[in-house]
Amino acid sequence: MKRKSKFWLLLFISLAFAFLAHFFFLKELTNGRYMVGPNDGLSQMLPFKHFLYQQYTSGQWFYSHDFGLGSGTFAQLAYYFSTNMVFLVTVFFVWLMETLSIIGSPDLLFWAQAGVFVSVFRMTVIVMITTAVFRYFKLGFFPSFAWSRPLC
Numbered sequence: 019m020k021r022k023s024k025f026w027l028l029l030f031i032s033l034a035f036a037f038l039a040h041f042f043f044l045k046e047l048t049n050g051r052y053m054v055g056p057n058d059g060l061s062q063m064l065p066f067k068h069f070l071y072q073q074y075t076s077g078q079w080f081y082s083h084d085f086g087l088g089s090g091t092f093a094q095l096a097y098y099f100s101t102n103m104v105f106l107v108t109v110f111f112v113w114l115m116e117t118l119s120i121i122g123s124p125d126l127l128f129w130a131q132a133g134v135f136v137s138v139f140r141m142t143v144i145v146m147i148t149t150a151v152f153r154y155f156k157l158g159f160f161p162s163f164a165w166s167r168p169l170c
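Going by the numbering used here, 117 is the number at position 99 of the sequence shown; the sequence numbering is gapless.
Don't take each hint at face value.
27 Å max Cα-Cα, derived DSSO-like pairs, lysine-lysine [unchecked claim]: (1) 24 with 156; (2) 156 with 45; (3) 156 with 22.
What the hints contain is simulated information worked out from the structure, not anything from laboratory work. Values in this document were obtained by computation on a predicted structure and should not be read as measured data.
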């Protein structure tokens, strides 16, 4: 029972920390500005995310005629998230929410808004995993959490 309560405590603290670390981006999202970095153009990344989502959900996982005479989705778009495991998991959950009618059909604006929430989830998972690794090294619970925080 004690192990389960520590897991839920770690999940809650990690999620709270991730939200605090992304507070600036969440505030900017409410003002209509989106999470981007230098040289990370919305005009380039969002259409590829949207295109890949359409490819994957229509069953065209490996080959697409949308590349002129046709080509492989993984080969042609490997740089643009096609092999990114976080993006593939995101596609699955977005597809699941769309199938269950929780959300409508995702568009480019959806992918811009989802970026910050995917980042919060990723940071939560990273902090939980690194805390678990430090716990494996026999450190205390709170020192493990404190040392697992990303420095950036």
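Evaluated hints:
A hinted pair counts as satisfied when its Cα atoms are at most 27 Å apart, and residue 24 with residue 156 qualifies at roughly 15 Å. Under the criterion of a C-alpha separation no larger than 27 Å, the hint pairing residue 156 with residue 45 is inconsistent with the structure, at around 38 Å. With a C-alpha separation of about 18 Å, the suggested pairing of residue 156 with residue 22 holds against the 27 Å cut-off.
Of the numbered hints listed earlier, the single one contradicted by the structure is hint 2.
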